[in-house]
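Trainee: From first to last, the protein sequence lines are chains F and Z.
Letter by letter, the first sequence follows residues 1 to 218 of our numbering.
Letter by letter, the second sequence follows residues 1001 to 1265 of our numbering.
Hints were generated in silico from the structure; no laboratory data involved.
Don't take every hint at face value.
Computed Cβ-Cβ distance ranges for the label pairs, DEER-style [what the hints assert, rightly or not]: (1) Z:Arg1027 x F:Val164: 28 to 38 angstroms; (2) Z:Arg1112 x F:Leu102: 32 to 42 angstroms; (3) F:Met153 x Z:Lys1119: 42 to 52 angstroms; (4) F:Asn111 x Z:Ala1107: 27 to 37 angstroms; (5) Z:Thr1096 x F:Val208: 44 to 54 angstroms; (6) F:Ser118 x Z:Tyr1011: 30 to 40 angstroms; (7) F:Val164 x Z:Ala1134: 27 to 37 angstroms; (8) F:Ile108 x Z:Glu1116: 41 to 51 angstroms; (9) F:Met153 x Z:Ser1261: 21 to 31 angstroms; (10) Z:Lys1119 x F:Ala147: 40 to 50 angstroms.
Here a beta-carbon is modelled for each residue, glycine too, at the ideal position from N, C-alpha and C.
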Amino acid sequence: MIALVRYLGAELISSQRWFPPMVVFAAVFGMLYSTGAGPAIPAYGATVLLLFPVSAWLSAVVANSEDPTTRTVTITAAGGWRRAATGVLLLAALANTLLVALSVLVPILVNPSPYPVSTVLIGLGAHVVAASLGIAVGLLCSRPVLAGPGWTMSALIAVMLIAVGLGRVPPLGDLVGQMFVPASPSALAASLAWHVPLALVVLGAAQVAITQIGARRL
Amino acid sequence: MIALTEVGKRYGRGPWVLRGVDLSVDRAELVVLLGVNGSGKSTLMRVLAGIVAPTAGAVTGRSTVGFVPERFPAGLKLSARDYLRHQAAIRGAADTGMELLERLGFAGNPDRPMAELSKGNTQRVALAQAFVAAPGLLVLDEPFAGLDEHSRAELCAMINSAVAEGASTVVTDHTGSRSRLASTRTVAVADGSVRPVDTESTGTGAVVLTCPSDLHAEVISLPGVLQSSQGPLVRLEVLGAELDSVLTAALALGCSVHEVSRSAA
């Protein structure tokens, strides 16, 4: 499995398709923190909002990067679509780990005043929620569920518009709403105690669906 | 070995691409699949290789798979050396595949992006990754396409020795190179089902026709037609015993004969 993730990563890096989502992330992230983003938790809330679409986009890029025919070869080498799909998920998770780490750690480094541990943990939890949901959406909007990059982009935009329209609803909107207020650390911790597992369950369900749809469709 | 029992495949609510396919390939057995475009041949290859699950029926006995797709894409930015190294690692093989590549007459730069390789050299990379870990099942869709004579002979030798070492092997071929493969069983795929064909006793014939394009579908579905490729001319491969009847029917449809030849039985 490590060899598979390494190959998918090498293919992704050589294709340079990871570049656009990373540039958008870096640009917006830089704008948020260049002038001082104010109180820590609302600032984390803003990067959670940024991470969700970027994570979906980057995960979709991970899933779509390999050409469909090359992918068939990789599937046979990996020993089936289920294993290949697991490799794609792991690479998406790895890429998103980087984004989560940047989102949580950079503010601590650039801010003169120290962050309490509770704030950092709340930030970490909230970003994990956004990244998990982003990976789920990104993978569900890519091959083999949808036919290709054109469909992927339309579907991602549609999902993001729907998410904006829904506003402060679980599993993400209500959490970000609480962070903007900001609610007390204990209220946020209580909220994360069910948001994090819920987001991971959504991601797991998405992966099961992708595995089954792919086996029928490839 | 690998065995397909009553295998059917359809995509979504589309038509059945395969239906009621029973096919088993033993250890150290080589099966050649013949079929015209749209016969379900490529889908059958994908089911055999375990890329897609059948809608109905069962596949049993599949071991490790080496797969060569019909047209390996040209766009990869990875170099041939890196691609093969990664593919071998995914399969847990110690080999890097570079010897296979050289043996197949690879003439490009293995350290430049694969997108810069010629069609033949890309095909050699596709072949090398399939053979690199000595898989128990080889599924080779048009492996000879794009290769020169020397490489085709070398590939025949590679397939023959893989089969001799126990690999179950399934090959499709439009180039005629399969005549140099070791003893084979020939299976025809037509309308989504398979049947054994006897190309040994009466041989096969090649028919080249000039044909209005609206007649193509009708011509390739004539009984006895094993394979076809359509360009400006329609090239058919026909079962020896049916050669006369196919010619008669094609002429009656309004096609004109360009060339006919018969290969020895």
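Trainee: Against each hint, give a clear statement of whether it holds in the structure.
Mentor: For each hint, the structure was consulted:
no.: 1; hint: Z:Arg1027 x F:Val164: 28 to 38 angstroms; in the structure: violated, 59 angstroms
no.: 2; hint: Z:Arg1112 x F:Leu102: 32 to 42 angstroms; in the structure: holds, 34 angstroms
no.: 3; hint: F:Met153 x Z:Lys1119: 42 to 52 angstroms; in the structure: violated, 31 angstroms
no.: 4; hint: F:Asn111 x Z:Ala1107: 27 to 37 angstroms; in the structure: violated, 58 angstroms
no.: 5; hint: Z:Thr1096 x F:Val208: 44 to 54 angstroms; in the structure: violated, 36 angstroms
no.: 6; hint: F:Ser118 x Z:Tyr1011: 30 to 40 angstroms; in the structure: violated, 52 angstroms
no.: 7; hint: F:Val164 x Z:Ala1134: 27 to 37 angstroms; in the structure: violated, 54 angstroms
no.: 8; hint: F:Ile108 x Z:Glu1116: 41 to 51 angstroms; in the structure: holds, 45 angstroms
no.: 9; hint: F:Met153 x Z:Ser1261: 21 to 31 angstroms; in the structure: violated, 52 angstroms
no.: 10; hint: Z:Lys1119 x F:Ala147: 40 to 50 angstroms; in the structure: violated, 26 angstroms
Against the hints set out earlier in the document, violations occur for numbers 1, 3, 4, 5, 6, 7, 9 and 10.
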